[in-house]
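Novice: Each chain, written out:
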Amino acid sequence: MSPILDISDLSVVYRTTGGDVRAVEKVNLTLSPGEVVGLCGESGSGKSTLAYGATRLLRPPALVTSGNVRYSGRRLTHGGHPVDLLAMSHRELHEMRWREVAIVFQSAMNALNPVLRVQDQLLDAVTAHLRLPRHEAREKAASLLDLVGISRNRLRSYPHELSGGMRQRVMIAMALAADPEVVIMDEPTTALDVVVQRDILAQIVELKERLDFAILFITHDLSLLLELADRIAVMYAGRLLETGTAHDIMREPAHPYTRGLLNSFPSLRGARRELAGIPGSPPDLRDPGPGCPFIPRCKHAIDACSDVDMSLAPWGAPVIGDPASVTHLTACPIVTPQVSQEGVLS
Amino acid sequence: MSEPIISGLPASSVQDGDGVAPAADSSAAPAVNADAEQVGEPAAVTSAAAHRGPLVMEADGLNKVFHLGRGASLQAVRNVSFGLYKGAVVALVGESGSGKSTAAKLLAGQERPTSGRILLDGKPIDVRTGRSFRRYKSQVQYVFQDPFSSLNPVHTVGYHLARPVKLHQPGVKHVNEAVTALLEQVRLTPAAQFEPKYPHELSGGQRQRVSFARALAAQPTVLLADEPVSMLDVSIRLEMLNLLDDLRTRLSLALLYITHDIASARYFADEVLVMYGGQIVERGPAEEVTQQPAHPYTQLLIASAPDPDNLGSTLKSGNVAVGTAGGVKAGNVGPAPVGCPFSSRCPLADDKCRRENPALQLLAPARAAACWRLDVAAPSLAGGAI
Chain X
1 MSPILDISDL
11 SVVYRTTGGD
21 VRAVEKVNLT
31 LSPGEVVGLC
41 GESGSGKSTL
51 AYGATRLLRP
61 PALVTSGNVR
71 YSGRRLTHGG
81 HPVDLLAMSH
91 RELHEMRWRE
101 VAIVFQSAMN
111 ALNPVLRVQD
121 QLLDAVTAHL
131 RLPRHEAREK
141 AASLLDLVGI
151 SRNRLRSYPH
161 ELSGGMRQRV
171 MIAMALAADP
181 EVVIMDEPTT
191 ALDVVVQRDI
201 LAQIVELKER
211 LDFAILFITH
221 DLSLLLELAD
231 RIAVMYAGRL
241 LETGTAHDIM
251 REPAHPYTRG
261 LLNSFPSLRG
271 ARRELAGIPG
281 SPPDLRDPGP
291 GCPFIPRCKH
301 AIDACSDVDM
311 SLAPWGAPVI
321 GDPASVTHLT
331 ACPIVTPQVS
341 QEGVLS
Chain D
347 MSEPIISGLP
357 ASSVQDGDGV
367 APAADSSAAP
377 AVNADAEQVG
387 EPAAVTSAAA
397 HRGPLVMEAD
407 GLNKVFHLGR
417 GASLQAVRNV
427 SFGLYKGAVV
437 ALVGESGSGK
447 STAAKLLAGQ
457 ERPTSGRILL
467 DGKPIDVRTG
477 RSFRRYKSQV
487 QYVFQDPFSS
497 LNPVHTVGYH
507 LARPVKLHQP
517 GVKHVNEAVT
527 ALLEQVRLTP
537 AAQFEPKYPH
547 ELSGGQRQRV
557 SFARALAAQP
567 TVLLADEPVS
577 MLDVSIRLEM
587 LNLLDDLRTR
597 LSLALLYITH
607 DIASARYFAD
617 EVLVMYGGQI
627 VERGPAEEVT
637 QQPAHPYTQL
647 LIASAPDPDN
657 LGSTLKSGNV
667 AVGTAGGVKA
677 GNVGPAPVGC
687 PFSSRCPLAD
697 DKCRRENPAL
707 QLLAPARAAA
717 CWRLDVAAPS
727 LAGGAI
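So the sequences go chain by chain: X and D. The working numbering puts the first residue of the first sequence at 1, with every later residue one more than the last. The working numbering puts the first residue of the second sequence at 347, with every later residue one more than the last.
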């Protein structure tokens, strides 16, 4: 299936007096219709910047320096030609936002306006993007709450009267107001308890199946993505280090960083084992140094690592047939299946 | 998360279960959870942490009631008893609003218990005067959750550490050497490089190391760590837990580890206490509680934790039965006001659960759970009930 969102070669810098912070560097990522792609990385890895850069939501000093973002939703695409989000006029952007691509922002606790009732905030979203008459807009707002399982008598509540989980549901309802084809979710469950988190994730997936949208799910919690996502992209210091299906990432992680991440969260099941985490801290993005950004923390780094161009290449068995069908890609030049089987990298 | 139950909001809005809090206009709210007196003799549990070393600190029947104004009150901690042992880790696990941070604040002397006793080295604590409070503080130290706000942005790392050294170790002549030793203890080396730095120049993990060092500056015997790693990135967390583990072994600290992540509690705690609605609903050895949970709430908590091995999860596209998840669970409420606090969410709850709040019942010498339906919830364990 051809992707609905195709981010290619995207670079974003933050202009600062101390030099450019290269937050996103030549990233390629695709999202197919109905797919859940998980974008995983620690804070400062550029995962949010990537999503906001691709949807033109960044303001100076952030600057998109290269790349294009082709979107091929059913309503915007005339005659089968994808449109480039980065080349759109402001009017086209306004048309695109919410109706085509919607975002559930990080920390619903702060994303809702504390002095406006839930109803007014839902109405804002609905009237700005759907041009409905007033009474229909009201009905729409109420039906959005139905969608996420919140009783309609909550319309007149203020955000502080709702629990954290309910606020998050309101944010999700708002994003779905105009029936988008792509929903970007930026850490939608990070501040919530595990029990509530699971309820909300189950609801997100159920809504996705019912309303048929694709999700770009941004989080720092890889263990969550392994359960949730169809495909996972691992980001570090502005680069994608590895992409693959959840199965690829869990069973045959290629990049040493991914292996480190998998060795970072204690499990509730299986034997209790010593875990190492990843010593060290991420590099300064003002001066990332040549080659792979993970070199300073990598146990396996060799001289050649400083020369790699960090483009993603197929990993695993030699490609037979269509190269586009290969899902498991990594930027690490030194890992091969043979090496990892010999346990050199484990 | 800081505990919203002490934020002074009306009782109606502080329930943190993901659910329908009572309507906001019930201004004459009665005491929340106040009629839920426990029924039955509380079990005398042998702590699973006791084998590590002698008892250092003990919480005995702690209660804390917050008055919220307009006649409403909230019982944040109910009848909580446990011990902290030298060189052992006790984990306090629960969701936000379960009272785990309040319990720790009682131990830290930041809040006074409404009733109950706190014993340090067998003696009831006394924090009424400045001097006795300081003496207490030098033995019991607290590590906060958020290293971004718990360090003062206008002071250097050196200052943050020199102050408690001067305050709690007045005999020390060479403060700088003590500061260097502290930095080395938390592996911020070379120490000379970190001393002049300001918090904003440090990463989250480094800041939390400074918080650990600051707590250790008082040479405490008890360390209360309130979600010490939950604000940190996943790749850093493990290092921090391993550091904490190393410190408690080397310095023989009695460690209380507060967390909402029960998997990390399994990873390094000796005993796990699960809190819900202000009371301990289950306790026992970490491995047993996580592998064979007895209380329905513990079971829910463990079932909800992300499971990386579960690649065929019901959360995956295609594995979802459309129409099942949509809002079915949205009716969850916070702790029930009467009866067992979990009865409003518990699939096994019957009339007795909604009427009477069970005390902890002994399942094994080191295990106990507060549930009327243990015969159904954990048949294999309930058989051994004494």
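It is possible that part of the hints are untrue.
Facing chain X, according to a computed beta carbon distance under 7 Å, are these residues of chain D, among others [claimed, not checked]:
#	residue
1	A538
2	M577
3	D579
Non-contacting residues of chain X with respect to chain D, defined by C-beta distances greater than 12 Å in every case (computed) [to be verified]:
#	residue
4	V64
5	L130
6	E206
7	D287
Source of the hints: derived by calculation from the structure; they are not laboratory data. Here a beta-carbon is modelled for each residue, glycine too, at the ideal position from N, C-alpha and C.
Novice: Indicate, hint by hint, whether the structure satisfies it.
Specialist: Consistency of the hints with the structure:
At about 19 Å, the closest approach between the beta carbon of A538/D and any beta carbon in chain X exceeds 7 Å, and the interface hint on this residue is violated. About 10 Å separates the beta-carbon of M577/D from the nearest beta-carbon of chain X, more than 7 Å, and the hint is not met. A least Cβ separation of about 4 Å between D579/D and chain X falls short of the 7 Å threshold, and the interface hint therefore holds. Residue-level check passed: V64/X sits 26 Å from the nearest beta carbon of chain D, beyond 12 Å.
No beta-carbon of chain D is positioned within 12 Å of the beta-carbon of L130/X; the least distance is around 22 Å. Non-interface call for E206/X relative to chain D: violated, since the shortest CB-CB distance, roughly 4 Å, does not exceed 12 Å. Every Cβ of chain D is farther than 12 Å from the Cβ of D287/X; the closest lies at roughly 16 Å, confirming the non-interface assignment.
Taken one by one, the earlier hints fail for this structure at numbers 1, 2 and 6, listed in ascending order.
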